[in-house]
Structures are given as structure tokens and as C-alpha cells.
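Engineer: Chains A and B, in that order, give the protein sequences.
Mapping to this note's numbering: the first sequence position 151 is 265, numbers consecutive.
Mapping to this note's numbering: the second sequence position 257 is 287, numbers consecutive.
Do not take every clue at face value.
Said to hold, decoys possible - Residues on chain B that point at chain A, a partial pick, calculated with CB under 7 angstroms:
#	residue
1	A47
2	R51
3	L260
As the list claims (entries may be wrong) - Restraint-style ranges between C-beta atoms, simulated for each label pair:
#	chain 1	residue 1	chain 2	residue 2	range
4	B	E46	A	E323	13 to 23 angstroms
5	A	D328	B	M238	36 to 46 angstroms
6	B	R51	A	G285	22 to 32 angstroms
7	A	P275	B	S147	54 to 64 angstroms
8	A	G285	B	L84	21 to 31 angstroms
9	A	D180	B	A45	46 to 56 angstroms
10	A	C194	B	E46	50 to 60 angstroms
11	A	E141	B	R192	42 to 52 angstroms
12	A	P127	B	E237	18 to 28 angstroms
Calculated directly from the structure, the hints in this document are not laboratory data.
All C-beta atoms in this analysis are idealised placements derived from N, C-alpha and C, irrespective of residue type, glycine included.
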Amino acid sequence: MIFDCHAYMGQYPFRPLRYNHGAGLLELMDREGIDRAVVGSLNALFYRDVQAANEELAIEVVGRQDRLVTLATLNPVYPCCDDDFDRCFGPLGMRGLLLCPNYHGYSLDDDRALSIMEQAAERGVPLFLRVQVEDPRKQHRLIQVPRIPVEQIASAIRKLPKARFVLLDIGGEIAQLLGLLDQIENIYVDFCRAEVFSYWDYSVGWLIEKLGVDHVLFGTGMPFDEPRISRIKLDALDLSGNERAKIGGENLAKLLNLNSLKLHKDNPR
Amino acid sequence: MLIDAHVHIWEEDGAEAEWARQSNAGQMRYAERYDVSLCAFVTGGRLQPGVEELPTVEEFTKSNRFLAGYRDRFPNRIFPFAYVNPAYPEEAVRELERCVKQEGFLGLKLLRSVRCSDPRLVPLAQMAGELGVPLLQHAGTGPDVIRFGESTTEDLIELAQRVPETTYIFAHVSGGGEWEWEIKALKRYTNIYLDTSGSVREMGVTEMMVREVGAQRIVFGSDGSNCAALGRLFGAGISEKERMMIASENMARLLRLDLTGEAGGGS
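Kindly generate the complete structure, drawing on both the sequences and the hints.
Structural biologist: This is how it looks when you write it as C-alpha cells:
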């Protein structure tokens with residue numbers, strides 16, 4: 115089973131996307147041999163009221179919940195975030211909490227952010243942080259969004275030892291992050307920005323060495339990014355079948371407790 | 031078979047020798063695994079963001095001699111490209127000529143010692159044209175792409191118009207620049223090819239290149255992002271004919287290679 119920890123639906127304001135809705139994403143997954151995917155909303159990066167984007171996402175996956183697992187994007191400094199939290203993890207059946215402090219203008223050190231992360235951790239909901247969406251070197255000239263600072267990520271990890279953090283689209287900066295932490299057992303990393311043969315120090319092999327094979331996840335960034343890249347990467351790794359299966363999807367399924375999950379079959383509305 | 035237009039090989043000496051050996055070995059594993067021939071160059075020192083690269087004549091000559099030896103170790107995998115610093119115009123021209131005529135090098139790589147619109151590049155570009163080898167130029171467009179000595183897309187266009195008989199390759203369309211801008215800016219300049227390399231994984235780049243400039247002017251490249259490069263090539267929604275042109279046929283034509291084995295360019 116290939117289970118992608120890092121997929122999107124919705125629009126991106128600065129270039130057109132294909133496959134960015136429910137049917138299209140499944141078509142792309144079929145093309146690439148990807149069985150399941152964790153999906154967040156791109157619209158949630160830009161809407162002032164992010165809950166509208168969560169509602170759109172929930173509708174888009176109706177009838178597709180066997181393959182698409184949704185993330186709730188919440189803005190902890192926006193009014194009524196607690197209500198949004200209850201709805202997303204209640205009737206909407208979302209499985210992970212995605213925070214985008216760099217797009218929504220707050221720090222992970224903010225008490226309101228820590229509070230919502232703590233609530234998620236207590237419910238066993240993993241926390242997803244999308245460290246970057248678009249490479250900062252090529253962002254729109256009028257809208258430059260920095261990566262989430264590693265110091266903030268490290269601080270949140272230290273303050274929430276019971277939480278499980280999934281770091282999406284993180285690159286070589288993870289070396290700095292790990293250097294700031296004594297305990298790293300609750301970190302899971304999307305391998306989409308690591309290479310296999312590269313001349314740069316940061317590689318999938320390095321991730322496995324530092325975090326362990328149980329903490330590295332198959333991720334693509336599709337349809338913003340080309341999913342074939344991660345399929346080739348998984349194939350290129352010099353791993354046992356058991357290790358490949360873990361990275362390819364078992365680690366993520368376990369993290370989301372999906373082996374025992376009774377998927378929502380009904381319209382979440 | 032694939033031909034990768036953009037591969038750094040590092041000199042295996044000095045303080046970073048072990049890192050360089052491992053890095054080079056990684057590129058050779060990639061070459062063997064996916065049956066890739068590597069258009070390789072040694073750019074004198076490890077690349078680090080913000081580090082100025084101003085190699086002396088002795089340094090770039092040493093780099094090229096190392097690469098010649100490395101090619102002799104892997105003759106079927108390494109297609110060597112000379113690397114020089116155009117700040118030394120006469121010596122750079124002489125070194126390019128030596129590399130091509132005496133060592134059998136197949137191309138010229140320029141990085142960021144001098145912006146390529148600088149008049150000092152003219153004799154070098156002319157020599158590349160006379161020798162019949164392509165000039166692979168590090169370049170890009172974007173607010174954070176252009177640092178000291180780096181060339182913009184427009185710098186390369188200026189050079190390509192000034193010395194039109196030479197064939198150029200615009201390096202790393204997926205290298206972090208504004209690829210939409212780069213592709214459209216280069217569309218009309220038929221003596222400039224585009225290499226696909228770089229770490230940016232966005233969907234649609236290869237398709238836009240084919241749509242705007244045509245598959246006949248695109249060459250496969252990785253620049254160390256090997257899986258990203260393979261994914262952009264094999265995942266792209268283009269025809270198999272176009273994919274083959276990008277994968278190896280265009281570069282073979284530029285290097286005057288017979289894909290059954292023999293190099294014709296320069297040696």
C-alpha cells in the first residue's frame with residue numbers, strides 16, 4: 115500500500131493546477147499507483163475564515179473517504195477556533211490538524227496555538243506542519259511567505275511531549291531542528307524534499323539514520339508537485355521490503371490509527 | 031539510455047575529500063541504476079549558498095585535469111565539460127581549447143564567476159562555437175536567485191545574440207527561479223536549449239517547456255536532484271517521442287554523439 119502523507123486540493127493563486135479536486139486527485143493517484151492520501155486544503159492558506167475551506171474539503175471527499183483522509187486546517191488566533199476544532203474532528207471526520215502559522219500570521223509559541231495543539235494531542239490527533247508550500251526563491255514578488263522557523267517548531271515539540279508532529283515539505287533545515295531537541299521520538303518527516311543519490315548532505319538515507327525507518331513518510335505534495343518523483347525515490351532506496359512498506363504507507367496508517375478506523379461512508383454534512 | 035546535462039563532480043582532495051568521494055560515488059550509483067551518462071564538470075570547491083566562486087587559472091586547470099582522470103575511470107558514464115573563470119579571458123579560452131582538443135571534453139560549463147553578459151565572455155563563447163561544443167550557463171530569474179556574479183535569463187539572451195553561432199544551454203529551469211518567466215523569455219532564442227534540472231518539484235514545468243519552446247530544445251538534467259529530474263521527465267504529460275528527445279536525443283545531437291557509442295565532438 116502506498117499512502118501519501120502530503121496532498122492538496124483547492125486553488126493556488128499564482129499558477130494553475132491540474133488534478134486539484136476530488137475526482138482529479140484520484141485520477142492522478144491511480145496514474146501513480148498511490149492507494150491513499152492525506153489531503154489538506156490549499157484554499158485554507160488564503161481564506162480569512164479557514165473553516166470555509168475545511169467545509170469545502172469535506173464535501174469534496176464525500177464518497178472518496180476510502181482513499182482520501184482529510185486534515186483540518188485551523189487558525190488558532192481566529193475567532194471561534196474551538197468550534198471549528200469540534201466540527202472538524204466531530205462530524206467532518208478529519209484525522210489530522212494542519213497549522214500554517216507562516217500563512218496565517220502567528221507564532222507556534224502563541225498560547226492559542228499551543229492550546230489547540232494540546233487539545234489535538236489529547237485526542238490522539240497528529241499535528242501536521244507544512245514547513246513551506248512554495249520554494250521561497252520563486253514566490254510571487256508581492257507575497258513572500260517564509261518557512262516556519264525551526265526554532266518555533268522545536269519550541270512546540272518541547273512543550274508538547276505527548277503530541278506527534280508530522281513535518282511536511284521540510285528540507286535541510288531539519289538538521290538544525292534536530293540539533294535543538296533532546297527528544298525526537300515524536301517527529302515524523304515527509305521525505306519529499308530529500309533526495310537519494312544527491313551530492314547534498316540531506317538525503318532520505320540521512321533521515322532514516324537520524325529518525326529511524328519508522329518515522330520517515332512517503333509524501334508527494336501533489337498536485338502542486340509531481341508525484342512521480344516520490345514514487346521513483348521510494349523505488350530507488352536501498353531498503354528491505356519491510357522497510358519500504360513502512361515508509362510507503364504503514365508508518366502513516368499507524369500514526370493515523372487507520373488500521374482500525376471505520377471510515378465515514380455518509381455525507382459528513 | 032539517458033544523458034544528464036548537468037552533474038557536478040568534486041575533486042577528491044582537501045578538507046572535504048571524504049564528502050567528495052561519497053558524493054561522486056552517489057552520482058555514479060545513480061548513473062548505473064538508471065543507465066545515465068553524465069555531462070559532468072568540476073567547479074572547483076564545494077558549492078555553498080552565498081559563497082563566491084572565483085577560481086584562479088591554476089585552480090580551474092586542476093579541476094579539469096581531475097575530471098579528465100575521472101572520465102578515464104568511467105569512460106562510458108562521464109561526458110566531461112570544461113570549467114573556467116571568464117575573469118581570465120585569454121587563459122580561459124586556452125584552457126577550453128586544450129580540454130576539447132587534447133582531453134576530448136565535449137562542452138563548456140560556466141557558473142557564477144562573471145555574469146555572462148560581460149564582454150569578457152565573448153571570446154570564450156566564440157571558441158565554444160568554433161570547437162562545436164555547447165556552453166552550459168548557470169542562470170535564472172527571481173528575487174533570490176541572483177547573487178554575486180550570477181547571470182539572469184536576460185544576460186544569457188544577450189550573450190546568445192552577441193555570439194549567435196554558438197549553442198547555449200540555460201541551466202536548471204527547476205533550480206528555484208521563476209520557471210514560467212524563464213521559459214517564455216527563452217522561447218524565441220533558438221540557439222538556447224533549456225536543461226530541466228533543479229530541486230523544485232512543481233508539476234507542469236516539463237509540459238510548459240514542451241508547449242512553449244518545443245521538445246527539440248529541451249535536455250534532461252538533474253544537478254544533484256536526480257529523483258526530481260527523473261520524476262519530471264517520466265511523470266510529464268508529453269508524448270513518448272518528446273520524452274525520448276529530452277531524455278537523450280537532443281543532447282546526443284548537441285554533443286555529436288552516436289548513441290551506439292562514439293563521441294564525435296572535439297576529440
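Engineer: With reference to the structure, classify each hint as holding or not holding.
Structural biologist: Structure-based check of each hint:
{"no.": "1", "hint": "A47", "in the structure": "violated (14 angstroms)"}
{"no.": "2", "hint": "R51", "in the structure": "violated (11 angstroms)"}
{"no.": "3", "hint": "L260", "in the structure": "holds (5 angstroms)"}
{"no.": "4", "hint": "B:E46 / A:E323: 13 to 23 angstroms", "in the structure": "holds (20 angstroms)"}
{"no.": "5", "hint": "A:D328 / B:M238: 36 to 46 angstroms", "in the structure": "holds (39 angstroms)"}
{"no.": "6", "hint": "B:R51 / A:G285: 22 to 32 angstroms", "in the structure": "holds (24 angstroms)"}
{"no.": "7", "hint": "A:P275 / B:S147: 54 to 64 angstroms", "in the structure": "holds (55 angstroms)"}
{"no.": "8", "hint": "A:G285 / B:L84: 21 to 31 angstroms", "in the structure": "holds (28 angstroms)"}
{"no.": "9", "hint": "A:D180 / B:A45: 46 to 56 angstroms", "in the structure": "holds (54 angstroms)"}
{"no.": "10", "hint": "A:C194 / B:E46: 50 to 60 angstroms", "in the structure": "holds (54 angstroms)"}
{"no.": "11", "hint": "A:E141 / B:R192: 42 to 52 angstroms", "in the structure": "holds (47 angstroms)"}
{"no.": "12", "hint": "A:P127 / B:E237: 18 to 28 angstroms", "in the structure": "holds (20 angstroms)"}
Consistency with the previously given hints fails for numbers 1 and 2, ordered from lowest to highest.
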